[in-house]
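Work from the hints to combine the two standalone chains into their complex.
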Amino acid sequence: MKSTPVQSLVTTWLIGAITGTLLIALTSPLFVRSYAPLHADAVRRVWTLPPGQTYRWRSEGYANTSIGPHGMPGRTSLDGPKNPAGPKTAAGPGEWGTRLALWGDSQAEGVCVADQQKLFARIEAQTDDKIAVLPLARSGEDAADWVTQIPLVEQPFQIDAHVLLIVDLPDLASAVNAPVPPPSTSDISAANSAIAARLPAFIIQAARHLLTESDDTTRRKLRFGIGPVAETSANQLTTSPAIEQQRDEIDWQSALRALRQSTDRPIVILYAPKVPQIIGNQMVPSDPTAESFAAMKPIAESLNVRVIDARPALLKSAFAGDWPHGFQNGQIGAGHLNACGNNLLASLLVDAMKQPNK
Amino acid sequence: MLFTQLEFPIFFIAVLISVWLCRTHTARNSLLLIASYYFYAYWDYRFCGLLLLSTVVDFVVARQMFRAQTTSGRRGLLLISLVVNLGVLGFFKYFNFFIDSARPLLESIGMSGQTLQIILPVGISFYTFQTLSYTIDVYRGVLKPVNRFLDFALYVAFFPQLVAGPIVRARELLPQLATVPPWSGRRFYGGAQQVLRGTVKKMLLADRLGEAVDIVFANPDFYDGPTLWLAAFAYAGQIYYDFSGYSDIAIGAAKMLGYRFPINFRHPYLARSAADFWHRWHMTLSRWLRDYLYISLGGNRISTIVTYRNLMITMTLGGLWHGAAWTFVLWGAWHGIALSVQRWIANHTHRRPPAVVGWTLTMGVVLLGWVLFRSPDLTIAQTMLIRMATFADGIAWYPPLAMLALACLLLEHVAWRTRLRKAMRLPINAWYSPIATTIMIWALLLYAPRGFRPFVYFQF
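These protein sequence lines map, in sequence, to chains A and B.
Residue numbering for the first sequence follows this note's numbering, starting at 3 and increasing by one per position.
Residue numbering for the second sequence follows this note's numbering, starting at 40 and increasing by one per position.
Hints listed in this document are in silico derivations from the structure and should not be mistaken for laboratory results.
The beta-carbon is built from N, C-alpha and C at its ideal position, and this holds for glycine as well.
Here are the simulated SDA-like cross-link-like pairs (lysine to any residue), alpha carbons at most 25 Å apart as the crow flies:
1) B/Lys461 <-> A/Gly18
2) B/Lys461 <-> B/Ala231
3) B/Lys183 <-> B/Val122
4) B/Lys461 <-> B/Leu443
5) A/Lys318 <-> A/Asp353
6) B/Lys461 <-> A/Thr13
7) A/Lys132 <-> A/Thr265
8) A/Lys223 <-> B/Tyr76
9) A/Lys223 <-> A/Ala209
10) A/Lys318 <-> B/Phe261
11) B/Lys183 <-> B/Val96
12) A/Lys356 <-> A/Cys342
13) A/Lys223 <-> B/Phe491
14) A/Lys223 <-> B/Phe497
15) A/Lys223 <-> B/Ala80
16) B/Lys461 <-> A/Leu11
17) A/Lys299 <-> A/Gln357
18) A/Lys318 <-> B/Gly264
If we take Cβ atoms under 7 Å as the criterion, some of the chain A residues that face chain B in the derived model are:
19) Gly22
20) Thr23
21) Gln207
22) Gly282
23) Asn283
In isolation and in its complexed conformation, chain B is listed as follows (with noise of 0.2 Å):
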């Protein structure tokens, strides 16, 4: 079920009615999981095996790993989970990559490189690395495993958050989960609130601006130079509105139901440096990638050159996670040369350049990157880049709507260095909340693009 989809606030205000009903832990928690695996079964039943077999991996190799005497045999149960959970996603979401990728080899040594009807299951990306959080701070120690299945299950499939995140830890959901948590009214309108910006910030931005994307990327030999720098600036905001959006939603209606996720994003495009950005984008998985990849690798503790090496190999993974394809392989790694630059010139100048000049040069990288990102193959990223660079002649397009989408994008970040950014939470008591939160329920009734227009991130 997509938040966006008008069948999503009649089921929600449902489960709110009846979960805010319970009295007990246990009926809470399973009316919660009942309601989550029929969210996720809203799209397709038949994967929700697919996540019960994570979640009772999970939950039993963590308690066994508990359980163990020795490291060996805790490392055993690790490697268990990591096979099984990665296994999995890597059949689901890379097997035809890696078959595609590799057909001249397979063929070479008499293989068939013949791909399979694969679909990929919505969200396994969120709930792989999520419940593999888990196991892993169980294997160091540094959480206890949960006694209740059904807790643990709820976490792993506690449907605000399983189909595109944020990528909430287990130390920072299960102890939530533990407990009825305390009606607040103050946090319940906090969350509402949140839920309309984002689905604002879905519909009404990022969707009107993937019209224009999609149809320039669609084919950029038609389109000028100017026209070109626009679909580039417009996917920017787009994934923007749309990611962001989806978080909002997901964080204002956990919020709703009583519980806090981390937050997801801290307005990206006032990054000043590469590693600034990825302090403010997708915050949930850089941190992931950080706690569990970088550092595991040995992040900056080795030496110089391991610790470049360490984050091209993180950022590369990385990019490779949002989606089985090389555009994304070589935006995760265009990501690791502007982190390992950065962190070059950082050591040897010992001085950050002006904050116009780090701004700049970051939205450079941050844009260039999306062109790849967004691009369906490399040729036709190769195209965009070129007829950007070369200012090429063609159809001049320039949707007024999607302009305006960008200059909201502008305004807000502006408007969030501000005075202004308290009263953009728009407080209870305020006299602009009502006045605002009427406008944008009847712009999401009036100027919403029509259509099925999924999550962008659903894909990954």
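Looking at chain A on its own, in the form it has when it is part of the complex (with noise of 0.2 Å):
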């Protein structure tokens, strides 16, 4: 029997969408970032990247990420040179052993970068490979995660020193929240890894852009009444108010006592944030929370956690022509740390090593 023009149209069509569709599915990784279906560490009892598996980044800075134990974004193992008379304490601040773990959020994650390029690459190819740099850092995280998990790896894991990597000064501040609680099945995270464990990430993403705002968290909401609405600020220069607030709020001495106790090794602060920034028709060079840098930086040292200050350098380097943050596909001078960013860092911290008392 043969077809009507009307069935012929239609089967071309269905035929071609789902060409279509298998195009777009085949092109996707090139453009479209990994959805990864978390994993709930037993060790460090978080959620984290799925050990074993490569997880891809694309919209500022285009790299793959090779998964390793214990959810580290770019080692693959937990091999590295051990320090033979076991840990240092806190006694000896100047002698970091050889097993460092880092610590932070995206920045220190560096799923941005090739593995090559991330910090603790950096940390250890300008050591020669003699110091191992652990990297336990994650996208959103901030001290009280890492206050939780700090006494759970430290044996296992058979660490010297711990290396935060602070950007935004609240992060650090949020230390007097541990401990957080351990993964849950009724966590968003599980819901959200039983969906990336499913759906191809273009359908994942297709959903998100379609459902949320461009924040990608805010649930999208349809409006059909009339105008005037309301103007929203969308460019806010200056230091937010809720920043402001919490310089005045933020209780140092409670928030690095928290991170004191929770080792008795040696702790070190790089303070990174992101200055210079260009936001705007501006150029940022200072640090919208200085002062609050100042009023934690003593505290820290007398509670004997050593802060190393990366602002001159960044913005040395910045003025050198050499942007420590920002990307092609994103924009130079704004946004995480870059190639060259992670190189200055990891310079800042080798040499801290080799002056161990200042």
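Next comes the structure, spelled out in structure tokens:
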């Protein structure tokens, strides 16, 4: 039986729609980030990226990250130099041993750069691999998460010292909120993981774009009422009121004591805020939380927590034309640390290691 | 409401279904009028009054003009229409600009140079020109006034072209609104494809280019010469895809409703002369300026000098129509100079330059014009041009997706000159049409930049 022109047209369009979708599915890994099902790590007791998988990042920066054991981004094993004399304690803050844990948020996680350009890899490379750095940083985490995890990982991972990359000072102040609850099946991460395990990334991304606002988290609300609607201030270039308020309210004594009490091993705070930043038509060289940092530093040092201030080096690098933040597919001078920024911070840390008593 | 908002397809599908279910002309036009006013009120209901004022004045004036026995009477009525329409446009769009520009003079004679907090009603420049075309045509006797207020109100407010054109003349649209258009599946499909194509142009190409343009033009001091050149090219691409994308959506949406709008763009970056560019860029505005301003000033019928004067006046006012800023005035004047020089050369040599030379010169003129057009002020424009010319040092920033969008611009213009032109319309029976359509829909969902990004021409 011959098909009618309409049937033939419908068939053509069905086959075409499937072919088009397949072409998108095949090419989407070039442009769409991973949506990896998260893994509840038994040692760290947090959700981590899934060990053994490759994680794609495509929006700002462009890199594939190999996920190692315990969700370490870019480091595929726990191997590396171990201190034969055992871990050092806070009594000897200058000697950091040979195995460092690197904590932080997405800036330290560094999925936007290739594995060999990540901060942990640059530190290892600059010490000729005499030091092992375990990247335990995860996007969205703060000191509450780190303080919770530090006692859990020290023994199993044979950590000698802890390095905290601090970009936003309120992240450090959150230490007082520890401990954070362990992963549970009722977490939103568990629900998201179940979706990520079942659906391809391009479908999840399309659904997110349809269902959420541009921040990727707020649920989209359609408006059918007539206007005008109140305008929102989209371009706030100055310090947000929240940060200003926090500056006055931060109880650094409590926060840093919580951090200090989580371990007897050396702790190093590597302070690297986003300076300088290009925002709109301004270059902002100043650190909006400079006062808060000035208040935090002496308290940290009194508790035997070493503080490295990366701001002068970041500014110097940018003014020399080597911008430590931003990417060609994002904006140079804004956003996450790039390869240059990671290398710079690694140098600062390695230099500090060589000057133990400073 | 923006064509690219998620609310628009929901609104439009509801309108489409309702309109095609209407059997009578009155029901159909009433529904479209209500939908159009809702579309406008979605932004700000308070300015619907201005739209209605312009509609009522021009409807009444045109009818009285038709009945007037004397030329002076008709002229007086035309004057009323001009004063009301241009007065409203002048107040909302240009009041602060003139006060700012004349402040030293005003203050020297003891007057206040205070500006007012004025919100520019979206689309006012477009619907003002549209209603003016109606009264001027009736005045000239080339058009009879419309009898049904409903039809005329819909002509002024018809939502696909209300806020950013194309500037459809009364004689093109009013006859179409006088009847119920017949259903045509082919036309409906063509319109839907054009809507999709326009959305892709706007969201995937223009907005992507705009990301780079906004950042570089915000402070050209930071960036090196090649990055500034890239930003200038990117703006040429952004404004083309933004506005031609909008026009495609408007024309396509009208087609789906059963109406035909004139085309607004014809691959302007293939132009080989300044005049050719204006026959391809924002064609409905060029046509309006030619018919209602340039010809009214005498066109090229009086003398060579007057022709040049008319060109300069027309293009400078055309620049000012785009926005109340000296950058727009200079942009218009710059194109006026280009058209005058081209005419002078043509008159004196009687030979056209080789195609490559003509194209290169034209694109140079257009690109330099876009730098003026996009710069927020003359200082930024000057900085851009100096740093571009001297290939200054600074941040080298070449966003790959913006460069990909520029490559699309180049390929699209080249393909248009080949046999691919027909294929680019995606005929319904072609095997590749469903594949391309599906890919475009997925690409919009996956790759369009996020956030609120209004059309560039909404500000005009």
